Each structure stands twice: as C-alpha cells, then as structure tokens.
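Go by the hints and put chain B onto chain A.
2 protein chains.
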Amino acid sequence: MPSDYDIVIVGAGILGLSCAYYLKKGNPGKTILVVDRFGDVAQGNSARSNAMFRNTFTSKDNLILSDTSIDFYLDTQKSGVDLGLKKSGYLWVMSEKQFSLNQRYIQKMLDNKIELRTYDNQDLRRMLPSLKREFGESEEAQLMKIPDVGGAAFGVKCGRLDPEKLSRFYSDNFLRLGGKVAFNTNVKSLIAGVDEPLGIEGEPFVWQEGKVTGILAEGEIKGEIKAKTVVIAAGVWNNELLDPIGIDGHVKAKKRQLFTVSAKRSPALQTLLRNGNFNELGVLPFVILPKSGCYVKAVEENSEFWLGCEDEFNRPYYSTPEETLDSCKAEPSYYEQSLYPILRSYFSEFENAKPAQMWAGYYSMNTLDSMPFVFEENGMIIAGGGSGSGIMKGDAMGRIVDAVYREGEHAEAMLYSGKSYAADRMSFKYRSVEREEWVI
Amino acid sequence: MPSDYDIVIVGAGILGLSCAYYLKKGNPGKTILVVDRFGDVAQGNSARSNAMFRNTFTSKDNLILSDTSIDFYLDTQKSGVDLGLKKSGYLWVMSEKQFSLNQRYIQKMLDNKIELRTYDNQDLRRMLPSLKREFGESEEAQLMKIPDVGGAAFGVKCGRLDPEKLSRFYSDNFLRLGGKVAFNTNVKSLIAGVDEPLGIEGEPFVWQEGKVTGILAEGEIKGEIKAKTVVIAAGVWNNELLDPIGIDGHVKAKKRQLFTVSAKRSPALQTLLRNGNFNELGVLPFVILPKSGCYVKAVEENSEFWLGCEDEFNRPYYSTPEETLDSCKAEPSYYEQSLYPILRSYFSEFENAKPAQMWAGYYSMNTLDSMPFVFEENGMIIAGGGSGSGIMKGDAMGRIVDAVYREGEHAEAMLYSGKSYAADRMSFKYRSVEREEWVI
Chain A
-10 MPSDYDIVIV GAGILGLSCA YYLKKGNPGK TILVVDRFGD VAQGNSARSN
40 AMFRNTFTSK DNLILSDTSI DFYLDTQKSG VDLGLKKSGY LWVMSEKQFS
90 LNQRYIQKML DNKIELRTYD NQDLRRMLPS LKREFGESEE AQLMKIPDVG
140 GAAFGVKCGR LDPEKLSRFY SDNFLRLGGK VAFNTNVKSL IAGVDEPLGI
190 EGEPFVWQEG KVTGILAEGE IKGEIKAKTV VIAAGVWNNE LLDPIGIDGH
240 VKAKKRQLFT VSAKRSPALQ TLLRNGNFNE LGVLPFVILP KSGCYVKAVE
290 ENSEFWLGCE DEFNRPYYST PEETLDSCKA EPSYYEQSLY PILRSYFSEF
340 ENAKPAQMWA GYYSMNTLDS MPFVFEENGM IIAGGGSGSG IMKGDAMGRI
390 VDAVYREGEH AEAMLYSGKS YAADRMSFKY RSVEREEWVI
Chain B
-10 MPSDYDIVIV GAGILGLSCA YYLKKGNPGK TILVVDRFGD VAQGNSARSN
40 AMFRNTFTSK DNLILSDTSI DFYLDTQKSG VDLGLKKSGY LWVMSEKQFS
90 LNQRYIQKML DNKIELRTYD NQDLRRMLPS LKREFGESEE AQLMKIPDVG
140 GAAFGVKCGR LDPEKLSRFY SDNFLRLGGK VAFNTNVKSL IAGVDEPLGI
190 EGEPFVWQEG KVTGILAEGE IKGEIKAKTV VIAAGVWNNE LLDPIGIDGH
240 VKAKKRQLFT VSAKRSPALQ TLLRNGNFNE LGVLPFVILP KSGCYVKAVE
290 ENSEFWLGCE DEFNRPYYST PEETLDSCKA EPSYYEQSLY PILRSYFSEF
340 ENAKPAQMWA GYYSMNTLDS MPFVFEENGM IIAGGGSGSG IMKGDAMGRI
390 VDAVYREGEH AEAMLYSGKS YAADRMSFKY RSVEREEWVI
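Which chain is which? The protein sequence lines are A and B, in order.
Position 426 (the first sequence) corresponds to 415 in our numbering; numbering is contiguous.
Position 343 (the second sequence) corresponds to 332 in our numbering; numbering is contiguous.
Worth flagging that the hints you see were computed from the coordinates, not collected in a lab.
This structure is a prediction, so every number in the text was calculated from the model and none was measured.
It cannot be assumed that every hint is accurate.
One copy or two, either will do: identical chains are not told apart, so a pair holds if it fits within one copy or between any two.
Said to hold, decoys possible - Distance condition first, Cα-Cα at most 25 Å in a straight line; then the derived SDA-like pairs of lysine to any residue:
id : residue 1 : residue 2
1  : 121       : 60
2  : 177       : 307
3  : 134       : 191
4  : 86        : 196
5  : 418       : 320
6  : 177       : 312
7  : 418       : 309
If we strip away everything but chain A, and leave its shape as in the complex, we get (with noise of 0.2 Å):
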C-alpha cells in the first residue's frame, strides 16, 4: 500500500463509506484510502443501531437530508440491490396533550408534502385493538405518569434497513472505482505539521500555519500514512483524534441500548406483529409510545420485537466512550425497571415478556441541536452528529462533504433528486440549521 494519498477518511460506518463513495465519484483522479479500526464495514455503532429512517421532520435541513437519502435507498433497492429496505412506517401514539400540542408541527409537514396520517381514538382502536388507551385509576399507571392516548400520527415514506447492506453498497462501489480499504487499522493520532516544514524539531510553531498532514497508523497498517485532506468520520470517536490538536469533535456519546423479544411462540405477539392495517407489508410500522419515547420495532423475518426508550437525564455522556463497544453492555435493569414497565402498560401482550437478546452501542450526539454538523478545519473535513438519525441522511451527508472538498465551506451540494444545498448552513462557523420541532 501507499503512504500518500490525496484524501484519507478516518471511519468505514455508513458516514465514512458514503462519503468515500460520493468524494470518489467526484474527484475520480484522486487517490483516496479509508481506514478502520474494526474488521469489516460498519462494524461500529451502523450495526448498533436501530437503522430505522424517516423523512418527518419539520426542520427543512433534517428533511431534505433524510427525504433526498431515503429516495436515494428506495431507488438503489429498486434498481436489484438489497438494501433490507422495508417501508412499514413509524407511527407516533401521544396523549391527549402531545396530538393537540403537536397539530401544528402535523400541518407544518403536511404544508411541506410530507405523507403523514392522522388517527383518532377511534381509528386506533380499529387499527391497533390491543393498544390500551386509557388507564382510568390505574394505581400503577398514576404512579408512573402513564398518559392516556389521544390519538396517532403516521408516517408512510418511514421504515428501516440493513446498516450492513447500505454499508457494503457503499464500501463496494468505492472499491470499483479505485478506492481502498484498510481494516484492522487504528488511527492513533492525526499528524499536526505544516505544508512547507523547516525541519525544525518542535513544529508547527506558534507563528506558523499548521494543519493536519495525515495520519499515524497501526494494525494492518503501520505508521505514518500523508494524506492531503483528511476526513473524520468517526462517530463517537471523533474528539478522541481532534481534542490532542485543540479542535472540537462536537460529539458527545452517550450509550443506546436495545432488547429483542421473540413472538415465536405467542400468539397475542404474532398477531400484533401481523398488524396489517398501517402497510402492504402487513407489518407492524414502529410505534413509538407517548411516555419516555418507548418504541417497538417488528422485526418479521425474526418473528421478533426490538425494544428501547429515550433516557434524556441521567445516562452519562462521554466525551469519548470509557468503555470498548465489546464491553459496552446492555442493563437488564433498565429492560425490567425502565422500559418495560411502560410496554406493557400499552399493550398487555408483552406481560411478563423476557429479553432473548439485548446489546448496546453509543449515539453519536451533537448536544448543540441533535443535527448533524460537516464542517471544515485545518486540512481536515469533520462529519458527524447523527444523534440517532445519522443513518436516514448519510446518503446526503457524503454528498455534502465531497462538495466542500471541491468548493470549501460555503459549497452548494447536490443532493439526490437534484436538490441543492448550502453546505455552510451545517458549519458550525456559519451554521444556520432549522431546529426540529417533532421531537416526541
């Protein structure tokens, strides 16, 4: 291999390997090398996740990065390639107090073509029989601030997908077009330098301007490996290669867990999960639930249920994670006290459900405004800021970096669809992102 290139990307997750794709295809004369700490694609918090994506956002930056990349997967899916794409739709249950609360973020999407339905009461106990709308003195459900239902909102363009699959989609079609790959392979430090040294020990030098020359290296690859445009990737590992050369990763992260439970053998399981009033795939679409944004995720081929909820106060942040991802484990406590006391104040099918498995991986949080961020610095591209919606806009987000490696900061990128947008408005010098308002 060669210890030069035009443009290294630190990170092979779907952030990393889209950009490496998009800035390829871009500048097909430039030699470009991605490193990875782990074995294979994706193989950090993209596997983690719960790779679900949706285009309902009432920021105009979150929706023209998710719509134009979820397009971007349903054509790519339609063309052959298996993506794991399944639009079942997201289907947001609120109280009394969120449906009213929430009518005029509802009419802003609508305003904007969002596909979003609303149900009432009614429709719902239609639609979702076993849901249990309303606790009257429930003991438990007072204690606990278990709200009534006051009706639903769902969303159609809405869904998940295989975070390996996109991955590999991206990771392969680099490859084709000349890329290269490095696995095995630890970034230990970015290298702080200058364009023209002095070769004066010490460098760079107060009065001198110093930026980022490459990268050092170990693993499958050792050393020092130049590159002229580096480009951070990295997730939740972005401030442990930025903060020893005093620039701000702007991520903090913070542990997400998941459970799964296994329908197999009941049926009141199965016949939730077969719901087949909300999609044509006659699957249950992702519920989120109007307390501590409990979700259940059908998972059909596995006959099975993915289970989370939000911890907003309490769950440590990190400013780079303090545990491996191997030793990063999912609570059984927080199944039993947290989580499932409120599944099955909703829907009584999951009494007494047990975890089959459960796993836990790190959001990767811009703790600024949950949006993500490109910006530039020093020689260097900074990406990231999912925030647990990295995945749905990771299409849009490679695009958006390979523009500012042409044109700078203040490029206009073209997104899929032939949308275009001021990359600037995700700088942080410049920044000028939407804040999201649908945050149930």
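The following block gives chain B in isolation, referenced to the frame of chain A:
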C-alpha cells in the same frame, strides 16, 4: 453546617462568587452555600489568568456584558474598594492587511460609542518609537511571516484588574448578607433524583422526571448536601460534574501559559514599561502584536512584563483537564520557540530576555462561539464559557444567573447601569448571541 439549602453553588471563582452575591442579594430569604475544592477564593483558573478587561467588541452581547461589568468594577473601586484595577488601555498593533480589513469593525465599535482611537504608522513612530514596523528583506521575518505594521487601534475603557481582590469583594459581600462558603470541599458527584421519590432502588427511572437534588461532597464538608437548585460555575470542571448525568457542560479546557520578564536591570525595558503616551498612568498599555496574538502586559508595580500568545491549532482540548492545576506547567520551549521569536522581532528590547517566572492554567472554552452561556437544566443553572474573556463579564453573568433563578431562561436581567438583557440570548435552546467579529 446544615445539609439542606435552597441554592448550592459549585465554584468560588469570580463567576461563582458573583452569582452567589447577586443570588443572595436578590433572594435574601434563601439559604445559599458556595463550595469549592480549593482553600480560598479564586484559586482555580481565575487567579492564573491574565485578568484583563476591555469593552471593545463588535458583538452587542459581548459589549453589554463587558461594558456594564467594567462600569461596576470602576465605580466599586472609585467607592473605595481596591480591585487592583488599572485603566491602562489596550493597543492592537495591526499588519497593513489587518488594519485595512478591520476598519469596518472599528467603525462599528465607534458607532456603538466605544472609546476607540486609531493610530497610523506616523503616530506609532512618535508614541511607541521602539516598535519595529518594517522588516525589509529580513530572512527571519520572511521565514516566520512576520508582517510589517500598518497601524493600531487603542481601546480606552480597557485595562487590568486583580482577580483575587475582585473575588474577595464578592465573597465578603455575600458573607455579609448571610451566605455560607465551604472551602476544601470537592463535589464528588451531583445527585440525580426526583422531587418525590418512591423509595425504590434505581431511581430516577426513565418514566420519572429526574432532576439534580443536591451534591455529594468530600473534604471539609462530607456527604449529601441537598439543594432545590444547584448552580454550576465550575469553569473547566463543568463537564466532570455534568457528563455523568448526561448534560453537556459545553466547555473544553485549553492550556494557557504566561511568562514574566523583569525590566529591573534593563533601561530599555524600563523605558518601554514607562511609556507615557497612551494613558494617565504613564505605563505601556496592553499591547497585542500583529502575529499569533502575541501580547505584552506591563505590570508596573513589579517592574515586569507578562507575555503570552494564542495557539489556535495543536494545543490540546480536554473535556476535563487531564492535569491538575499544580501539574499543569508552562513550557520553556513555548517561550523560546513560539513567543520569543515574535516578541523580539517587534521589540528589540526583549533581545535575550529570559522568563523570570512562568505558570499555566486553563481557558474555559465554549468552542461553539467563544461566548459565555447561562442555561437551566434539570434543577440546575449552568454558567460558563468565558473563553478568555470571562472575568470582564463576571458581574453581568452573576446578575443574569440571579434573573434566571427567579424568572427562568426567558428572564430579563437588569445589569449595572440599569441596562436590561434577555437572558435566553445566552442559553443554548434559544441561543441568539451576536458573534464577535473583532478577533485579532
């Protein structure tokens, strides 16, 4: 000492003590405790700072925060309290390019009635005769890209103060009003709880409304101290407290180094120090050179200069400081290789000057926009992000924290001079601070 307070403030630097004073003054019936890990006021980074002040900002937020604070400091000293305040001015020496590009910002500041004078090279030759303004064909200047001087701007309501004296002033007045301070008391952790606990192990659960209910202390005070509100004013230690409960403290710690050079045995340095052309004190103003933010501070009572510069790249960021303040040391090589070559290029008086003393501390950087913040979150008010200009805004910050305590994030704070300020401008949720353009 009681173990139950209305308000506990973490941090007895200038920010924490200004908060303490205004909170106690505004809410005399409330019990307030300040805790700090050190043995006296301002023993963290307040005391290790340059402790300069200026009102020369283009951002209207920076202007009102600094201008009202400086007015308060000036009037306080006028009333007979020694704050070690010297209004000796700031002199920005600029390259031709800087001088030309910055005219619009100078004009903006003049429009905002900021006392600012400009000097051309003719003025500078007369007023600061030893400053080298032209480097001709000098090989070293070309190598280091040391620019010729194009002019200067002089800020009048600018100077230095004594951070320990200012902290003591706030502390004394806080104690006089009945506030309590516990030194040598480290906050081991914030306590995550709920207002009405159920008494089940593992609280707060996801379905409860969690909040911070106090601190766990070790040192002179030990154990749980309950508080209805906890104010976090811990500077670079914000993240250490907040990361474990999943709230971003929004600061990065960055090492700041200062070096002193004595003028006692050098008539040339004495002449420079006692320059009488800029202010009534007959002392050289704070001089910022046109290269790498290299600066010269005259400390006339010790007949010495304090010297430093800005390293914007390759100086590590820490989420929380990796070194203690005692182990965080200034680097002689930083003086020799980075600072000194710039300094003696402009002022030949410093030829062969060796530092008599040197020390290091940390900047508390808000990497988003280098401007301070105050925000509410889960039973806390979190303040910080001074980013190198915190002390000069300390008085306004304390008043804003008090306003947020009484009226929430959307409070209108009344600053010194009777000017009002919308506190939510410096929150994160509603952030709308005007970015600073005067950054040279």
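Practice item. Check each numbered hint against the structure and report the violated ones by number, ascending. Key: Violated hints: 1 and 5; rest satisfied.
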